[in-house]
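Trainee: For this one, chain A is given, so just place chain B on it according to the hints.
Here the protein sequences come in this chain order: A and B. In short: position in the first sequence from 1, add 20, done, that's our numbering. In short: position in the second sequence from 1, add 74, done, that's our numbering.
Do not take every clue at face value.
With a cut-off of at most 20 Å between alpha-carbon atoms, the simulated DMTMM-like pairs for lysine to aspartate or glutamate come out as follows [said to hold, decoys possible]: (1) Lys77(A) - Asp46(A); (2) Lys75(A) - Glu138(B); (3) Lys77(A) - Glu169(B); (4) Lys91(A) - Glu76(A); (5) Lys23(A) - Glu76(A); (6) Lys91(A) - Asp48(A).
Derived Cβ-Cβ restraints for the label pairs, each shown as a range [stated by the list, open to error]: (7) Phe125(B) - Asp71(A): 21 to 27 Å; (8) Thr103(A) - Arg143(B): 42 to 48 Å; (9) Phe125(B) - Lys90(A): 29 to 35 Å; (10) Glu92(A) - Gly170(B): 42 to 48 Å; (11) Leu61(A) - Lys142(B): 25 to 31 Å; (12) Arg143(B) - Asn104(A): 22 to 28 Å; (13) Arg34(A) - Leu190(B): 26 to 32 Å; (14) Tyr30(A) - Gln119(B): 17 to 23 Å; (15) Ser85(A) - Leu190(B): 43 to 49 Å; (16) Ser146(B) - Pro59(A): 24 to 30 Å; (17) Gly60(A) - Gly102(B): 23 to 29 Å.
What the hints contain is simulated information worked out from the structure, not anything from laboratory work. Keep in mind that this is a model prediction, so the values were computed, not measured. Glycine is no exception: its CB is placed at the ideal position from the N, C-alpha and C atoms.
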Amino acid sequence: DVKVTQSSRYLVKRTGEKVFLECVQDMDHENMFWYRQDPGLGLRLIYFSYDVKMKEKGDIPEGYSVSREKKERFSLILESASTNQTSMYLCATRTATNYGYTFGSGTRLTVV
Amino acid sequence: AQSVTQPDIHITVSEGASLELRCNYSYGATPYLFWYVQSPGQGLQLLLKYFSGDTLVQGIKGFEAEFKRSQSSFNLRKPSVHWSDAAEYFCAVGEGLTGGGNKLTFGTGTQLKVEL
Numbered sequence: 021d022v023k024v025t026q027s028s029r030y031l032v033k034r035t036g037e038k039v040f041l042e043c044v045q046d047m048d049h050e051n052m053f054w055y056r057q058d059p060g061l062g063l064r065l066i067y068f069s070y071d072v073k074m075k076e077k078g079d080i081p082e083g084y085s086v087s088r089e090k091k092e093r094f095s096l097i098l099e100s101a102s103t104n105q106t107s108m109y110l111c112a113t114r115t116a117t118n119y120g121y122t123f124g125s126g127t128r129l130t131v132v
Numbered sequence: 075a076q077s078v079t080q081p082d083i084h085i086t087v088s089e090g091a092s093l094e095l096r097c098n099y100s101y102g103a104t105p106y107l108f109w110y111v112q113s114p115g116q117g118l119q120l121l122l123k124y125f126s127g128d129t130l131v132q133g134i135k136g137f138e139a140e141f142k143r144s145q146s147s148f149n150l151r152k153p154s155v156h157w158s159d160a161a162e163y164f165c166a167v168g169e170g171l172t173g174g175g176n177k178l179t180f181g182t183g184t185q186l187k188v189e190l
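Bound-form chain A, shown alone:
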């Protein structure tokens, strides 16, 4: 089974802090994605990567950046956390030839 591991289940950070959310997958998938999930808004795509060192903006990239130095790891960075970034963050992976996504369990981030 594919495993997608997000380093933290719950995180509390202060406004203005730089925050790193880590996602690691163990199945050599090319594509990796970061979504945020908010009640009533569903999942919205922040950034994605279809290869190492490649990144593309999703629908709501403002306030975020990403890093993919190795194929198995995709990091989401909040350069200066703000309270409106309090949310559930979900990482997902898929192969280029298989449309099924595998999701991590999510990181619930609270910015105070």
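Mentor: Same frame as chain A, now just chain B:
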């Protein structure tokens, strides 16, 4: 741009009753369509997907969905709901990406409550 509408925010059904969750999509080409389920505190699990061919697709946990191009719909059904089906359900449409792969656009979700 593609979009997905799930018109029902909350649905309550009795255990053993049938279920239908609605999903309408907007997409210019032949869509790739998905249903995911999310239990509390968990990530999303794929229930079923439609790419082409038979418009009635079977998934896990006894769920099925029917693609209707004329109605731009992909409704999820289950003949008899179990208490363990209580969860949030998301419909999604896939769009091909330059460089390979695709990205999913999700609906806002339908929260299912099951009464015993």
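Trainee: Against this structure, judge whether each hint is valid.
Mentor: Checked hints:
no. : hint                              : in the structure
1   : Lys77(A) - Asp46(A)               : violated, 24 Å
2   : Lys75(A) - Glu138(B)              : violated, 35 Å
3   : Lys77(A) - Glu169(B)              : holds, 15 Å
4   : Lys91(A) - Glu76(A)               : holds, 15 Å
5   : Lys23(A) - Glu76(A)               : violated, 23 Å
6   : Lys91(A) - Asp48(A)               : holds, 7 Å
7   : Phe125(B) - Asp71(A): 21 to 27 Å  : holds, 23 Å
8   : Thr103(A) - Arg143(B): 42 to 48 Å : holds, 43 Å
9   : Phe125(B) - Lys90(A): 29 to 35 Å  : holds, 30 Å
10  : Glu92(A) - Gly170(B): 42 to 48 Å  : violated, 24 Å
11  : Leu61(A) - Lys142(B): 25 to 31 Å  : holds, 26 Å
12  : Arg143(B) - Asn104(A): 22 to 28 Å : violated, 39 Å
13  : Arg34(A) - Leu190(B): 26 to 32 Å  : violated, 43 Å
14  : Tyr30(A) - Gln119(B): 17 to 23 Å  : holds, 21 Å
15  : Ser85(A) - Leu190(B): 43 to 49 Å  : holds, 47 Å
16  : Ser146(B) - Pro59(A): 24 to 30 Å  : holds, 26 Å
17  : Gly60(A) - Gly102(B): 23 to 29 Å  : holds, 27 Å
Of the numbered hints stated above, those contradicted by the structure are hints 1, 2, 5, 10, 12, 13, listed in ascending order.
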